[in-house]
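S.K.: Protein chains in written order, with my numbering: chain A, 1 to 275; chain B, 1001 to 1212.
Treat the hints with caution; some may be incorrect.
[To be verified] Simulated crosslink set (EDC-like; lysine to aspartate or glutamate; CA at most 16 angstroms straight-line): (1) B/K1027 / B/E1155; (2) A/K270 / B/E1166; (3) B/K1055 / A/D239; (4) B/K1120 / B/D1149; (5) A/K271 / B/D1149; (6) A/K165 / B/E1050; (7) B/K1120 / B/E1110; (8) B/K1068 / A/E168; (9) A/K13 / B/E1092; (10) B/K1012 / A/E200; (11) A/K270 / B/E1050; (12) B/K1174 / B/D1189; (13) A/K271 / B/E1110.
No lab work stands behind these hints, which were simulated from the structure alone.
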Amino acid sequence: MRNIMLIAGQDIKGSLRSRWFIGYSLIFISLVVLIFVSGVTESRVMGFTGLTRMLLVFIQACNIIMPVFVLITTVRSITGDRESNVLEYMLSFPVSLFAYYFGKLIGRFIIIFLPLLFALILSLIIGVLKTNQVPVDLFILYIGLLAFNAFAFLGIGFFISSVIKNMEFALGISLFVWLFLIAFIDIALIGFMIKQLVPENVIYITALLNPVQVFRIGAISLFDPVLSVIGPASFFILDTAGRTGCIIYSLIYPFVIGLVFAFAGYYVFKKHDIL
Amino acid sequence: MIEVNNLCKSFKKQNILDGITLSIGDKDKIILLGQNGAGKTTLIRCILGEYFPDKGSVSVYGSIPYIKREDALHHISFVPQIPPPLNMTVNELLLYSSGLSGFCKEKVIEYCDMLDFDIKPHLTKTFYKFSGGMKQKLLIAIAFARNTDFYIFDEPTANLDTAGREKFYIMVEKLISDKSFIMISHRIDEVKNIVNRNIELDLGRIIRDEKV
């Protein structure tokens, strides 16, 4: 455990100095500021307003931006270390592969989640100052959603890094995974699959397997969902499973995805040549 | 003791190591020779547990390095040919390496001094921003500070000037005279006085193994 913490701490310190981390943090913080400055919170379209709308817009943006950032930075970090012989040197010390791999994973998770948490807290503070609203339940749900989704994509990123040793190829695969998942969110999913006369159960299962889609359902499920906002597949799922069921699923599923991919990546990392 | 038995390793169907059998005893000081692509680095990576053999086995002081990494690597210090671009300060590198190996930070400062490199003003600087020679000296100092039974030097003087190389060889004689090492080097004349065994690889096979 001491070695895991040592490696996690090292990864955090290294990341805090990196340009990507500064850029990554700035994007989410700027997003919060931009949403306020643009007056989105005053808009009443779709029935959401004030801080609720602010958080909703922010979380929707995170739904698209966060996965690609997590995937690319993770893959760049691990396969980059391998290609530049950093891994060769770091693993010449007496450290277990378990400690190294999961130390990196924990460090990377903290560094990815911190700016999101900071941006959420910032939005809460600005929102409270401007609207006197404190939607605590929504705030806690969004922290959970962001944490578990970040973990899901971190697990996928670590898996890709373990399986693919060439950085360019690994980056390409990461982008493909992201585009694939984005393509299979509600609108595109329904549009394509209905046109192809795919059975509706397949459509719903596909929606429930896609972490990006599950994130959307979880994010909107606390409100009375409007069909045009949430999309027909999500509307059906939410209507069938109920609000509580959807929220529990949207929190547990990405966590399970992250764990499965992280351990699968570790298995590959342990059983094959490190370099 | 390090035992390499019938070690074979290939990449994309190309044999890099082809049946290497080698026994390294106490106080063996080996220069590992061979042309580029002879398999020197691959052999070292197998000893460090970073590659799995296709066939054969490696044992480092009774532990198999690709299975019981920690046990095996407690016995080995390693200096790479090209210092990696570590995104960490010197302090962080020392924390990482001493945290895993249990050596005293002051020893690294002392050994850097012996290499004419005053590390103290640079402790908060990032490693990858140093010159090649400074990086190499720091990695050498860390390797010596670990005080292990066996050392692997992969062209350790590649980035050092003449004075730095001389100091390194003096340190090898002084600090690890009772230990074993493998040194990959193309500067045979410079190392002939500090080694007692020559091993030459060609196309993944040992073509010469002689005591000197």
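S.K.: Please go over all the hints and tell whether each is borne out by the structure.
M.R.: Verification of the supplied hints:
no.: 1; hint: B/K1027 / B/E1155; verdict: violated (20 angstroms)
no.: 2; hint: A/K270 / B/E1166; verdict: violated (40 angstroms)
no.: 3; hint: B/K1055 / A/D239; verdict: violated (58 angstroms)
no.: 4; hint: B/K1120 / B/D1149; verdict: violated (28 angstroms)
no.: 5; hint: A/K271 / B/D1149; verdict: violated (27 angstroms)
no.: 6; hint: A/K165 / B/E1050; verdict: holds (14 angstroms)
no.: 7; hint: B/K1120 / B/E1110; verdict: holds (10 angstroms)
no.: 8; hint: B/K1068 / A/E168; verdict: violated (32 angstroms)
no.: 9; hint: A/K13 / B/E1092; verdict: holds (9 angstroms)
no.: 10; hint: B/K1012 / A/E200; verdict: violated (45 angstroms)
no.: 11; hint: A/K270 / B/E1050; verdict: holds (10 angstroms)
no.: 12; hint: B/K1174 / B/D1189; verdict: violated (19 angstroms)
no.: 13; hint: A/K271 / B/E1110; verdict: violated (39 angstroms)
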